[in-house]
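Throw the hints in and build the complete structure from the sequences for me.
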Amino acid sequence: MKGKEPKRILATDCGSTTTKAILIEKRGDEYRLIVRGEAPTTVEAPFEDVTKGVLNAVMEVEELSKVKILDGEEIIKTVKDGEGVDFYVSTSSAGGGLQMMVAGVVLTMTAESAARAALGAGAIVMDVIASNDGRLPHQKIERIRNLRPDMILLSGGIDGGTVSHVVELAELIKAADPRPRFGVGYQLPVIYAGNKDAREIILKTLKENTALVVVENIRPVLERENLNPARHKIHDQFMEHVMAHAPGYKTLMTKTDVPIMPTPGAVGLLVETVAKNEKISVIGVDIGGATTDVFSVFQEIFNRTVSANLGMSYSISNVLAESGIANIVRWLPMEIDERDLRNRIRNKMIRPTTIPHTLEDLKIEQAIAREALRLAFEQHKSMAVGLKGIQQERTISDAFSQSMTGETLIDLMGLNLLIGSGGILSHAPRRNQAALMMIDAFLPEGITRLAVDSIFMMPHLGVLSTVHEKSATEVFNKDCLVPLGTCIAPVGEGKEGASVLKMDIDRGNGKVEEHSAKYGEITLIPLGIEEEATVTIHPEKGFDIGDGRGKEIQTTLRGGMVGLILDCRGRPFRLPEDKRKRIASINNWFAATDLYPH
Amino acid sequence: MLLILLVFANQVELKAFDTPNDGGSSITLEWHPDTLFNSYVIFRSVDPEGNFEQICELSDRTTYFDTQVVGGEDYYYRVEARGRESAVSSYIVGPVRAFPQIFNTSRINIAVCIVVLFFAIIYYITRARRGQRLFIRKIPGITAVEEAIGRATEMGKPVLYVPGIMDIDEPETIASMSILGRVAEKTAEYGTPLYVPTSKAMVMSMAQQVVKEASIRVGRPDWFNIDNVRYLTDDQFGYVSAVDGIMVREKPATNFYLGKFYAESLILAETGFSTGAIQIAGTALPDQLPFFVAACDYTLLGEELYAASAYLSQEPVQLGSLKGQDVGKLIFVIVVILGVLDRLVGFDILYNLFNTAQQ
Numbered sequence: 001m002k003g004k005e006p007k008r009i010l011a012t013d014c015g016s017t018t019t020k021a022i023l024i025e026k027r028g029d030e031y032r033l034i035v036r037g038e039a040p041t042t043v044e045a046p047f048e049d050v051t052k053g054v055l056n057a058v059m060e061v062e063e064l065s066k067v068k069i070l071d072g073e074e075i076i077k078t079v080k081d082g083e084g085v086d087f088y089v090s091t092s093s094a095g096g097g098l099q100m101m102v103a104g105v106v107l108t109m110t111a112e113s114a115a116r117a118a119l120g121a122g123a124i125v126m127d128v129i130a131s132n133d134g135r136l137p138h139q140k141i142e143r144i145r146n147l148r149p150d151m152i153l154l155s156g157g158i159d160g161g162t163v164s165h166v167v168e169l170a171e172l173i174k175a176a177d178p179r180p181r182f183g184v185g186y187q188l189p190v191i192y193a194g195n196k197d198a199r200e201i202i203l204k205t206l207k208e209n210t211a212l213v214v215v216e217n218i219r220p221v222l223e224r225e226n227l228n229p230a231r232h233k234i235h236d237q238f239m240e241h242v243m244a245h246a247p248g249y250k251t252l253m254t255k256t257d258v259p260i261m262p263t264p265g266a267v268g269l270l271v272e273t274v275a276k277n278e279k280i281s282v283i284g285v286d287i288g289g290a291t292t293d294v295f296s297v298f299q300e301i302f303n304r305t306v307s308a309n310l311g312m313s314y315s316i317s318n319v320l321a322e323s324g325i326a327n328i329v330r331w332l333p334m335e336i337d338e339r340d341l342r343n344r345i346r347n348k349m350i351r352p353t354t355i356p357h358t359l360e361d362l363k364i365e366q367a368i369a370r371e372a373l374r375l376a377f378e379q380h381k382s383m384a385v386g387l388k389g390i391q392q393e394r395t396i397s398d399a400f401s402q403s404m405t406g407e408t409l410i411d412l413m414g415l416n417l418l419i420g421s422g423g424i425l426s427h428a429p430r431r432n433q434a435a436l437m438m439i440d441a442f443l444p445e446g447i448t449r450l451a452v453d454s455i456f457m458m459p460h461l462g463v464l465s466t467v468h469e470k471s472a473t474e475v476f477n478k479d480c481l482v483p484l485g486t487c488i489a490p491v492g493e494g495k496e497g498a499s500v501l502k503m504d505i506d507r508g509n510g511k512v513e514e515h516s517a518k519y520g521e522i523t524l525i526p527l528g529i530e531e532e533a534t535v536t537i538h539p540e541k542g543f544d545i546g547d548g549r550g551k552e553i554q555t556t557l558r559g560g561m562v563g564l565i566l567d568c569r570g571r572p573f574r575l576p577e578d579k580r581k582r583i584a585s586i587n588n589w590f591a592a593t594d595l596y597p598h
Numbered sequence: 001m002l003l004i005l006l007v008f009a010n011q012v013e014l015k016a017f018d019t020p021n022d023g024g025s026s027i028t029l030e031w032h033p034d035t036l037f038n039s040y041v042i043f044r045s046v047d048p049e050g051n052f053e054q055i056c057e058l059s060d061r062t063t064y065f066d067t068q069v070v071g072g073e074d075y076y077y078r079v080e081a082r083g084r085e086s087a088v089s090s091y092i093v094g095p096v097r098a099f100p101q102i103f104n105t106s107r108i109n110i111a112v113c114i115v116v117l118f119f120a121i122i123y124y125i126t127r128a129r130r131g132q133r134l135f136i137r138k139i140p141g142i143t144a145v146e147e148a149i150g151r152a153t154e155m156g157k158p159v160l161y162v163p164g165i166m167d168i169d170e171p172e173t174i175a176s177m178s179i180l181g182r183v184a185e186k187t188a189e190y191g192t193p194l195y196v197p198t199s200k201a202m203v204m205s206m207a208q209q210v211v212k213e214a215s216i217r218v219g220r221p222d223w224f225n226i227d228n229v230r231y232l233t234d235d236q237f238g239y240v241s242a243v244d245g246i247m248v249r250e251k252p253a254t255n256f257y258l259g260k261f262y263a264e265s266l267i268l269a270e271t272g273f274s275t276g277a278i279q280i281a282g283t284a285l286p287d288q289l290p291f292f293v294a295a296c297d298y299t300l301l302g303e304e305l306y307a308a309s310a311y312l313s314q315e316p317v318q319l320g321s322l323k324g325q326d327v328g329k330l331i332f333v334i335v336v337i338l339g340v341l342d343r344l345v346g347f348d349i350l351y352n353l354f355n356t357a358q359q
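Chains as they are written, first to last, in my numbering: chain A, 1 to 598; chain B, 1 to 359.
Where hints are given, some of them may not hold.
Unchecked claim - Label-pair restraints from in silico Cβ distances: (1) S241/B with K541/A: 51 to 59 Å; (2) T105/B with E407/A: 52 to 60 Å; (3) H598/A with V335/B: 56 to 64 Å; (4) R224/A with D287/B: 32 to 40 Å; (5) E407/A with A111/B: 41 to 49 Å.
It should be emphasised that the hints constitute simulated quantities derived from the structure, not laboratory data.
Glycine is no exception: its CB is placed at the ideal position from the N, C-alpha and C atoms.
Printed below as a string of structure tokens:
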């Protein structure tokens, strides 16, 4: 399959509510998105066959593109006489996606690695069982039995390390005798990725009751993680066991040219590919109705977290519960009655498909989105950490600053690209709104490019990248990503109105523009899509753009739908505590970025 | 005759009184100087009519503390001023009696400091008991305890705890026992073996008790193995050799060196490092700290060793004491800085305030 130059590619993503299909075609030397079609997902009753929804979405693509793709219920493979497609790929998150439980010996070591492997493969981690999780054996057994995961990943012990602990975990799984979510007559897939010395005993313990497969240890030594074999096996098991037993997936699997991937796994793969190809640090976020996924690649290490209870419709009340009403109100440019705000949020939860009808509704929804994104990012920072339990080397100079292991990998100053996805970001009435929501939630430092996913086709491109990376990358850059511009956020604190930086912009037209920014302000400088400018930034003493406090930087910045955003509100960012001042500041920032109609 | 009259006219009478702020064993004599005389001879008697005995002769002082007295008895004094050409005697002064004072008023400043410290501690203990969160700076060495034990668990190796080479009367050893309790709890929870070799019999007995209690607290009495907490030898280097032997043979994944250490610190830490163990050390001896810092993963510096038990237990009394003491230390540091500035600009307010403690 790899190496073949396809002319036309069909990709679908079977979501919980909607199945989205896209058609990619080679036009000249480049691959471009041609059309997009969607139809309701049909995994649940009365249809109980996912292929119905897929065929409906593909039929819409056929109608819009005027290209015949279907022959009855079959997809025409290989392009001939202008009909058919060369590849068909698909992702799926229908029926709640892949729900896993992971187990490891120590919560912050092998159990954490197992969680990272599962999350990276696109799963929702329902629970983490560990020897030191504070629960008694019967409680763990009850939990495994009640949760009914699609799959269990069992790890623990380095190679040559503990055997007894990992066998204890296997015995708990055996005692729980968990039943899978889909399918009645098949055994629950369990992947063992732990100490190789314990394999035989694990086989003896779990072989009879589960569909056990053994892969390489995810932590062969404490100093190194080896997640890929476990991730690949999760994908295989997802196909073999979970998808094969979900309604209609058996048929769908015969139609695809590569195995169906879990939707978040495909998005993560794409983010990882982009970071690897461009040699940059990337954060991607996909904020949905029920969950928010955050992906990051720092120091070439990929991490994904899923905040299963943070979203903009089904989980919106949980955002309120976790952030608190005050944190939502702080982003509103007007006074609002707390009870009224709570009611609006609850209404959104019980009517999840409604969209804002008034400008005030929109402002409220975007304020909630800021908090949902911030909370999801906080969770991500605590999960995307270095390995714990490794030996440190010290010198005498470390006496008073003894660094710990397990520090977060997220370095906002080193972040190059921030990608937003999901309705609230991709479909914001103005792109400026998406840009400011992301800036307020993630608080990027230094120089960071911002972009949004135009029509949520990252999952399609992610799975496509496994079979044809060129087409996936080209469509990603040209049709998927909408560049918003570049955010310049100096790190440091100052007095309101004090000078923060001066900037010279050379757009290549022979003129050099001079700009300056004051503390507490946001300034928008237009720089269009596909435009670049050479800028020289002179930060004041005490402010850092990336090379150190007061150090000048010369670089080339890319424009976008929004342009260059000079965020001089300071890092760490603090909103005024006084209500009037806060509202005045928010209104100033919104006006400066032309966020809403006047 | 005229000269003698002049002398008496110039002379201020002798004062004798019980020395204030002492334990009742001294009487103070004071008289005014006179340039006509170059020495003063002091006489004492228990009877105003009786024989006065010379107790000393002074040339350059006008104060004398008579410490050769018995508390509660009456004494009489006179001073004879002697010049080149003349000598005069003072009136007889007495009876004077030495007696002890309940309060040493010259130490009121210390009392004030103690009261401030006392109330600071009480205040913070009360706050901690009410459930308020007291911020205590993160101590990396202590935070890493769980991680270090986790490492041993994953590797299937034991944990080694060395409580120093001194006996149980050393504060460092006592602090070490407190931390041992926490380490034992964690290792028992994880089900990882814990070796505690000691160099003093008393330390062994206490360590056994601490480890046993810890295992019971976390509901794992079966985990406790009395043979793992053992006495090796009192000899400093014999002990070190034995501990090194354990490290090389058993290859513990985590080593703790918490207590009082001398020359053996570097030998232990280097051997532990060579076996690939995570090492957490702590001692109050400044001489040994550089060795531990260089060879260990984490080091508790000086007082951090004592703070560790409060940090680990999160027990209100310990937390409040630690926080209150910190406030006291902060006040003392501020006073020292102000004192230095006070002296630099030529004022003596603070200097005098605290100098009374020296008198």
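Legend entry - Which numbered hints fail: none
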